[in-house]
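*Asks:* Build out the structure end to end from the sequences listed, making use of the hints.
Protein chains in written order, with my numbering: chain B, 1 to 115; chain P, 116 to 229.
Hints may contain errors.
[Claimed, not checked] Some residues of chain P that are not near chain B, with every Cβ distance over 10 Å (derived):
#: 1; residue: ASN116
#: 2; residue: VAL119
#: 3; residue: GLN126
#: 4; residue: MET134
#: 5; residue: THR135
#: 6; residue: GLY157
#: 7; residue: GLY168
#: 8; residue: LEU226
[Stated by the list, open to error] Pairs of lysine-lysine residues, derived as DSBU-like cross-links and limited to a Cα-Cα distance of at most 35 Å, are as follows:
#: 9; chain 1: B; residue 1: LYS1; chain 2: B; residue 2: LYS110
#: 10; chain 1: B; residue 1: LYS42; chain 2: P; residue 2: LYS129
#: 11; chain 1: P; residue 1: LYS172; chain 2: B; residue 2: LYS110
#: 12; chain 1: P; residue 1: LYS129; chain 2: B; residue 2: LYS110
#: 13; chain 1: B; residue 1: LYS107; chain 2: P; residue 2: LYS129
#: 14; chain 1: P; residue 1: LYS186; chain 2: B; residue 2: LYS1
#: 15; chain 1: P; residue 1: LYS124; chain 2: B; residue 2: LYS1
#: 16; chain 1: P; residue 1: LYS124; chain 2: B; residue 2: LYS110
#: 17; chain 1: B; residue 1: LYS42; chain 2: P; residue 2: LYS172
[Claimed, not checked] Coverage of chain B stretches by chain P, computed from C-beta distances (three or more under 8 Å per stretch; other residues unrestricted):
#: 18; region: 31-41
#: 19; region: 101-110
Derived from the structure by calculation, the hints contain no laboratory data.
All figures in this text were calculated on a predicted structure; none of them were measured in a lab.
Glycine residues also receive a C-beta, built at the ideal position from the N, C-alpha and C atoms.
In case you want the letters, here they are:
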Amino acid sequence: KQEVTQIPAALSVPEGENLVLNCSFTDSAIYNLQWFRQDPGKGLTSLLLIQSSQREQTSGRLNASLDKSSGRSTLYIAASQPGDSATYLCAVRGYSGAGSYQLTFGKGTKLSVIP
Amino acid sequence: NAGVTQTPKFQVLKTGQSMTLQCAQDMNHNSMYWYRQDPGMGLRLIYYSASEGTTDKGEVPNGYNVSRLNKREFSLRLESAAPSQTSVYFCASSGRDSPLNEQFFGPGTRLTVL
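*Replies:* Pasting the structure below:
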């Protein structure tokens, strides 16, 4: 069974710092990996989707990398801002049988950016 | 374009009561999903519908039923609510249940069962 782990569980940084969030998964047979942002009391917003054949994706100040063979992904946030404060979730898409492809989520990293 | 919408936003039930959580999407997506999110745990799949007319169990289906009413709507029913079903429920949709498609999430329903 696929397991996704996110380290650290919580992170507090001063504004302006560059930071890295980590995600690891136990089964490398994935189709893609998705990073989400979740604000308190809100739903999930997709940030980046990396297909298994890709090494990285970039969107603005965000860069996500994927090392499928080692079961790892990182989300790099440049020049952090207080508005980046949220919980960041990592999810991997794998084949779950009967023609279905399911997401398995990590528990998230709660990020606080201090002004 | 509202994306994925869910009603209600909040609900309090007593043990044994029933209710239906509603979900609708306006992106013409074929696949829809119901997840629950509990403190200290990742999101877990309850049920999904790969296409209109089909539904399948996910990781934690016990105590729930679903209906894919049409292409837009996918409802989740609790027939006899239990305190263990206190959770935040998210609906999601994707173009198809394929490896390449992103899932888009609704804002969630916060359910408390007393």
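*Asks:* Is the Cα-Cα distance between LYS186/P and LYS1/B 35 Å or less?
*Replies:* 31 Å, holds
*Asks:* Please settle this one: ASN116/P was flagged as non-interface, so is its CB more than 10 Å from every CB on chain B?
*Replies:* Correct as stated: the minimum Cβ-Cβ distance to chain B is 15 Å, above 10 Å.
*Asks:* Can we confirm that no CB of chain B comes within 10 Å of the CB of MET134/P?
*Replies:* 20 Å, holds
*Asks:* If I take the minimum Cβ distance from GLN126/P to any residue of chain B, is it greater than 10 Å?
*Replies:* 15 Å, holds
*Asks:* Over 10 Å from every CB of chain B: does GLY168/P meet that, or does the non-interface label fail?
*Replies:* The claim stands: GLY168/P keeps its Cβ more than 10 Å from every Cβ of chain B (closest is about 15 Å).
*Asks:* So if I understand the rule, the pair passes when the alpha-carbon distance is 35 Å or less; does LYS129/P with LYS110/B pass?
*Replies:* Holds: LYS129/P and LYS110/B sit about 32 Å apart, inside 35 Å.
*Asks:* Are the Cα positions of LYS172/P and LYS110/B separated by 35 Å at most?
*Replies:* 30 Å, holds
*Asks:* Can you confirm whether the C-alpha distance between LYS42/B and LYS172/P stays at or below 35 Å?
*Replies:* 25 Å, holds
*Asks:* Does GLY157/P clear chain B by more than 10 Å, comparing its Cβ with all Cβ atoms of that chain?
*Replies:* Given that some Cβ of chain B is not farther than 10 Å from that of GLY157/P, nearest at about 4 Å, it is violated.
*Asks:* Are all C-beta atoms of chain B more than 10 Å from that of LEU226/P?
*Replies:* 14 Å, holds
*Asks:* Measure nothing beyond the straight line between the CA atoms of LYS1/B and LYS110/B; if it is 35 Å or shorter, mark the hint as holding.
*Replies:* 25 Å, holds
*Asks:* Is the Cβ of THR135/P farther than 10 Å from every Cβ of chain B?
*Replies:* 19 Å, holds
In the structure shown, a violation is registered for the earlier hints numbered 2, 6, in ascending order.
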